[in-house]
Amino acid sequence: MKKPLAILIGIVVLAVLALLPLWLGPFYTRVVQFFFFSAALALSWNILGGFAGYWSFGHTAFIGIGAFSAALFGMNVGTFGTGPVSMIVPLLVAGLVCGLFAAVIAYPTLRLRGIYFAIVMLGVSQVVSELVNNISWFQGGVGVFLTSPVPSGVAPEDFYYYMFGGLLLLAFLITLLIKHTRFGYALLAIREDEDTAMMLGVATERYKILAFVLSAVLVGLLGAVYGYSVGYFTTYTVFRLDFSLNMIVFCLIGGIGTLFGPIIGTAVMLFITQVLLSRFLDIHLLITGLIVVAIILLMPGGILGALSRSRRSSLARKAEVQP
Amino acid sequence: MMLFLQTTLNGLVLGGLYSLAAVGFSLIFGVMGIVNLTHGVFVVAGAYGALLLFRHLGIDPFIAIIPIGIVLFAIGYAYQRTIIHWAISRASLVASLVVTFGVAMILRNLMQLAFGPDVQTITPSYSFTSIALGPLQIDLVRLVALGASLILLLVLALVLARTQFGRAVRATAQQPLAAELSGLSVQRLHGLTFGLSAALAGASGAIIGIVQPFSAASEVAWTLNAFIVVVLGGIGSPAGALVGGLLLGLINAYTAQYVGPSLTTAMMFLVLVLMLLVRPQGLLGNSFGESR
Chain P
1 MKKPLAILIG IVVLAVLALL PLWLGPFYTR VVQFFFFSAA LALSWNILGG FAGYWSFGHT
61 AFIGIGAFSA ALFGMNVGTF GTGPVSMIVP LLVAGLVCGL FAAVIAYPTL RLRGIYFAIV
121 MLGVSQVVSE LVNNISWFQG GVGVFLTSPV PSGVAPEDFY YYMFGGLLLL AFLITLLIKH
181 TRFGYALLAI REDEDTAMML GVATERYKIL AFVLSAVLVG LLGAVYGYSV GYFTTYTVFR
241 LDFSLNMIVF CLIGGIGTLF GPIIGTAVML FITQVLLSRF LDIHLLITGL IVVAIILLMP
301 GGILGALSRS RRSSLARKAE VQP
Chain C
1001 MMLFLQTTLN GLVLGGLYSL AAVGFSLIFG VMGIVNLTHG VFVVAGAYGA LLLFRHLGID
1061 PFIAIIPIGI VLFAIGYAYQ RTIIHWAISR ASLVASLVVT FGVAMILRNL MQLAFGPDVQ
1121 TITPSYSFTS IALGPLQIDL VRLVALGASL ILLLVLALVL ARTQFGRAVR ATAQQPLAAE
1181 LSGLSVQRLH GLTFGLSAAL AGASGAIIGI VQPFSAASEV AWTLNAFIVV VLGGIGSPAG
1241 ALVGGLLLGL INAYTAQYVG PSLTTAMMFL VLVLMLLVRP QGLLGNSFGE SR
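So the sequence lines, in the order shown, correspond to chains P and C.
The working numbering puts the first sequence at residues 1 to 323.
The working numbering puts the second sequence at residues 1001 to 1292.
Looking at chain C on its own, in the form it has when it is part of the complex (with noise of 0.2 Å):
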């Protein structure tokens, strides 16, 4: 009963970070309808940005989660408004694929170029520090990182709900044409929630760098896993990935636990092919779908 529950709780904190990895991704997908391959490479960016400014300048991973986000912010403002822009105004929505696929390969290799095929981590101070919950045992630095977790998927769901910009970005997703005729720029919004969403992966890169060990080649795993979340939580908000996310983190440590650690990745595809058959908008559905 203890191991189940200790099991659960583990599954619960990566889940966590699968949720932070996945949502910019699934924002994307809801709003522009694009499955972006590039993800993955912006969360291993952020890891990799967390790494050389705790090495180098000494600066925490949760406080460094604030200068990532700005720079891939503007990284993915400028990626959405010329190669993705151009991709999709000359071939297709499914040349995008495509092209963030290529993408994503020029960067991994760059990336492997820049800091070597090596499996890297971070490791600050506090990170082997463990709190006991009753008789169950969690690491700190994943409580943290879960919680970090939660507020940046909080505040996300805020100005999505809230905000003027929020708003914006809802009414190009549900329907482009009416919503450039009001008087929004739907191009400019779109970069703006490509920013957005790369900002949200790196900072999900910095926390996971302090969780787990990390590499270039790991980025398609994260690109993955981002679109299995979507698939089970459902397109295009912060609830359905943390539903999605949290349920991927379930999967993944009762399998470890119970089946055998090496099938982890079996078993999520599986339940990933048998939810696309069962239900293919997800558990909560696509917050944008109805008028599509």
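Extracted from the complex, chain P is given alone in its bound form (with noise of 0.2 Å):
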């Protein structure tokens, strides 16, 4: 695609997004908003997972730390600002101490490959939900409290369709910048061949350390943001095995690794769970596994992988038929 082409119809769909919750009504609203939160941890989880291909099975600890160090710095050191300027501090907090944590554990953890990495990742976010849960300053067990930030006058469902979709846009910028530079290649390198990469003089170390704790960061955002949308909540309301699961299904079915796979994931399981099956509930593990099987049995890139090679076929045979 011609770049003035890809800016103008970015710029369209943002527009057409950015009056969307006019049209929508309340509950509608809410699906858009969860769909632009979850993308967004899917696309944050992909930095990690999918261009450095360390999959991480724990990255709701990050939500879970995010959304803590939020409230617990509202409740012990006090508010600044009122309405969403009161956000601020607290964000950059959970932004801070996310990616502070990440880069503590990133070095041990990333010594592990493959699915040790994996199993350690989910290994951390128990231990770190079981210590919110335990350790009685946390107060997970009980549970914190975030004041809303929601100006008067405005709902608070498109609030936070506004927030969602600030830092999925966020995320998805974060991602295109990583994609098109040398980190993302860095990043691709060692996914093919880290071994490789390294003797090549790429600083694999580094790089995936960076990778890790920008990921971590941006969950924490995402967590800290969820923390405020639902306003109370306990440790079993963010450290939750189902969003780290989503985040890999998501980015698996659109296409790990690709700049709109985890999106088009995203939107595609969402639309199946949310929208098709909202009155299944007990069969939605059912339903989300058949797809995540039949995933890689019949497309193992995703859905943007089998489209890139159907396209690819296609052309070959044009170019067959050419004398």
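Keep in mind that a hint or two might mislead.
To be verified - Counterexamples of contact, computed for chain C against chain P with all Cβ distances above 12 Å:
hint, residue
1, 1005
2, 1100
3, 1129
4, 1131
5, 1175
6, 1181
7, 1263
To be verified - Each pair of labels, with its calculated beta carbon distance range:
hint, chain 1, residue 1, chain 2, residue 2, range
8, C, 1212, P, 141, 18 to 26 Å
9, C, 1166, P, 260, 45 to 53 Å
10, P, 135, C, 1257, 14 to 22 Å
11, P, 314, C, 1113, 53 to 61 Å
12, P, 314, C, 1177, 53 to 61 Å
What the hints contain is simulated information worked out from the structure, not anything from laboratory work.
Please read all numbers here as calculations on a predicted model, not as lab measurements.
Quick reminder that beta carbons are idealized off the backbone N, C-alpha and C, glycines included.
Fit the two chains together into the complex; they arrive one by one in their own frames, and the hints show the way.
Written out as structure tokens, the structure reads:
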């Protein structure tokens, strides 16, 4: 696609999305808001899992850490400003705490590869959630609260629609930037063959840690805003295994390691589970499992992978026809 | 002191169950390099099987091990020859991780639909009898469960070490290509290994059903336990599973007694993380590792 055309389409999409809440009722605004949240999570997971090939099975740890840092900061230190302005400092704190935590655990955990890294991250999320739940200072068991930043006169679902929309845009732009810079190529090299990349002079250790920290900070910000949107939460509201799994499943379905894959995958899965099957809650797990198995067996590259493969083969066919 | 000994005894009994529940996972991991995330489902399916046989036919869970083992062997064999094989040949070894995860979700949901979300237990008439070893108390059922686990582990170890089938399995694990060139059907052996693993998981499930409450949702915990056992003990051998399982049981019991019962999961994962960082091959190492 040509660059001006891509920018034009981007602007149109943004304008439509910005005006969408005017037509959508509160229910569908919430559905789209949840889509923004999930897609932004998937994109953030994709930075580490998709580009660098380090599949984290415990990214929900950062949702929890982000939400709890924001809430505990507000409860222990105090709030600065009112309305939306009051979110600024807690969000910065949430991002900072997540970034620091990721930087500390990155060095030991990123020495592990493949399934070992995946399971250790699952372990990290379990340990953190149990500690938050059992150490009384964190108040994970009784729950913490965040003062609503929604200005008066604005519907909460509209406010969070724009908040999560903004974060999705941020995650998208960061992914776009990564993909087209040296950093992105380094991560791809790590995914394809880490030892060779290291031998060729790619600073694998530094790039991996950077990708991990970046991914954690984004998820932490999302977690903090999620904390605001629910207002009051306990450990198990934010440390949820299904958050971790959804990030992976959405990326897998759309196409891991691509720019649009996580967004498309989230849209498809949420459409199937929230809209088509909203009345069959007890078989959601079954359907998700079936889709995951089918994707792996039928189109291992996800939806985008299947599309690009069919385009390539049709181009090849055209080339054969020409004399 | 008595409390310490009693805790140790409880931990060892629990550890025996962990060992049996994990040995099949360890075998598949060692022989095929596959992390089978469906493993916990097989364990819980074994427990539900024992529950059904006990409730409707009055069959004792320890005898139910045999029919459950046969059924799960067939399921495991078919599962490897179809879905797992397709996933590996079409995508990659990592894809098998995702596929087994997807199948686990499907099966867990099906079990929830069939049996409901309630926590179940199997209570045979002897389940409250306990015997005294000097000043220490132990439930008879737990002692028998430990014994049954150890016997099954021993049988597996002998099968792997002494029989023609065991030699063939070890050969395919060490050098799949060379094994194939020597006339072994690697595909069939992989299927049989998977069946064996599922049968052992089902057998452990039947025993676990008497000792601990279970529900469809507990499959995740059993899969993770199996993984931790393998990381602690080492991949691919009954001895590794035994060492890892006993260690995990002890960690669990000591944490519950001396640190706090709500922190056992955190402690298990803490040990897992430390172990992976210090000695990722496990205490006894990978029994098929040298040639990979």
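Structure-based check of all given hints:
Residue-level check passed: residue 1005 (chain C) sits 27 Å from the nearest beta carbon of chain P, beyond 12 Å. The Cβ of residue 1100 (chain C) sits about 9 Å from the closest Cβ of chain P, inside the 12 Å cut-off, so the non-interface label is violated. For residue 1129 (chain C), the non-interface assignment is confirmed: its Cβ lies about 35 Å from the closest Cβ of chain P, beyond the 12 Å cut-off. Every Cβ of chain P is farther than 12 Å from the Cβ of residue 1131 (chain C); the closest lies at roughly 35 Å, confirming the non-interface assignment.
No Cβ of chain P comes within 12 Å of the Cβ of residue 1175 (chain C); the nearest lies about 22 Å off, and the non-interface call holds. Annotated as non-interface, residue 1181 (chain C) keeps its C-beta farther than 12 Å from every C-beta of chain P; the closest such distance is 28 Å. A cut-off of 12 Å between C-beta atoms contradicts the statement that residue 1263 (chain C) is not in contact with chain P; the least separation is 6 Å. About 24 Å separates the C-beta atoms of residue 1212 (chain C) and residue 141 (chain P), a value consistent with the hinted range of 18 to 26 Å.
Separation of residue 1166 (chain C) from residue 260 (chain P) is about 50 Å and conforms to the stated range, judged on CB atoms against 45 to 53 Å. Roughly 20 Å separates the CB atoms of residue 135 (chain P) and residue 1257 (chain C), a value that falls within the hinted 14 to 22 Å. Remark: the range hint 53 to 61 Å for residue 314 (chain P) to residue 1113 (chain C) is contradicted by a beta-carbon distance near 42 Å. One distance hint, 53 to 61 Å for the beta-carbon pair residue 314 (chain P) and residue 1177 (chain C), is violated here, with the actual separation near 37 Å.
Of the numbered hints listed earlier, those contradicted by the structure are 2, 7, 11, 12.
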